[in-house]
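Chains as they are written, first to last, in my numbering: chain A, 1 to 74; chain B, 1001 to 1290.
The hints are simulated quantities; they were obtained by calculation from the structure and are not laboratory data. Idealized CB from N, CA, C, for every residue including glycine. Careful, some of the hints might be misleading.
[Unchecked claim] Examples of chain A residues toward chain B, derived with CB under 8 Å: (1) Val8; (2) Leu12; (3) Leu16; (4) Gln19; (5) Gly20.
[Unchecked claim] Using C-beta positions, here's what the derived DEER-type ranges look like: (6) B:Pro1179 - A:Leu65: 48 to 54 Å; (7) A:Ser6 - B:Val1141: 26 to 32 Å; (8) B:Lys1120 - A:Ser6: 17 to 23 Å; (9) A:Arg73 - B:Val1096: 41 to 47 Å; (10) B:Thr1199 - A:Ser6: 37 to 43 Å; (11) A:Pro34 - B:Phe1253: 50 to 56 Å; (12) B:Ala1267 - A:Leu28: 47 to 53 Å; (13) B:Ile1146 - A:Pro56: 56 to 62 Å; (14) A:Ile61 - B:Thr1175: 28 to 34 Å.
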Amino acid sequence: MSFFRSRVFTALTLVLLLQGTAYYALALRKEATPAVGPLALFPRSFGNWTFFKEQPIEQEIIDVLKSDDTLQRA
Amino acid sequence: MTPALEVPVKPQLPWTKLAWFGALLVVIYAPVLRALVAQWGSDEDMSHGFAVPLVSAYIIWQRREELAAMTPKTNWLGLLVVIWGGIQLIIGTLGVELFTARTSLIVVIIGMVWLLCGTKILKKVAFPLGLLFLMVPIPAVLYNQITFPLQGIASKFAEVSLDVLRVPVIREGNTLEVPNGHLSVVEACSGIRSLLTLTFLSLVYGYFFENRKWIRAALLLAIIPVAIVANGSRVTITGILYGINTDYAEGFFHEATGLFLFMADFAILLLLHRVLVKFAQYIENRKAVA
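Could you put the whole structure together from the sequences, leaning on the hints where they help?
Structure follows, in structure tokens:
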């Protein structure tokens, strides 16, 4: 059992444990999801563009898109 | 006084070391291994994955006495390889690059063998360890680079063959217009599946049944044209069957053709081996006479 007191055993075990700790820390981290506000908060003017009118989207299109929020402006 | 009988001690593999570091690796790589095994089960291109570690372990087991008789010599360069494997795992995890993360396991194993046993033993187990790379699915970028041209080759092959067989056919890219409709030569028809599996089979077959390195290399290289021709033939047969009855182009008949042609591929490999052995014997005899 002298191997378990050898430098090779200690070095390799330490390296593997460090590797495992780093891997699990990365693999189990929470995914950073950016907070998204409602589309209605989209600015009414930016650059050369200025809001003219809101155009409602037809229900048929909304049904196909299945999106959780929609916005159509001209 | 009777002299004490000296019973020769049979060298043993270092089971304790193997168990300790093996367990550490399994714990560290558990999520990677779980996903890899799941892919073997679900991805038909990788169904040979289950056999790879088993065959690799069997080869090492076969050499156990030879390996146990060798004196392990610590080589600290192996630790650098282990560290590199760890970095590769981290990079692969950060970049969600499965191939990098998965191959890091094999890199770590190679490093561990080098560190604990030395260069001589590493060389002895180089083949079974190298074989392990075949259990990892190739990266998507490379996969697409290979499958797309293969699809094109299969389509062109089928177009020419059907034309020779007097079956009316028009090819548009990877779509074949045949009497009863059109056949699409999709990724699954590219032949990549048989190419990957045959590569593994050819390597293992060469290892067990051939000692001459040049014949092993020739068998490995022969896989490419064999797989391409077999796959082109499969598409051709599908085209003919489709002309007879559209149901024959899918389901049982399509699967059966694939299985039959895969067995034919392997039979060609065996036949080629016989031919190469005869050729090698002929050359050796001529040399002996001279």
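Go through the numbered hints given earlier and state which of them the structure violates, listing their numbers in rising order. Violated hints: 6, 7, 9 and 13; rest satisfied.
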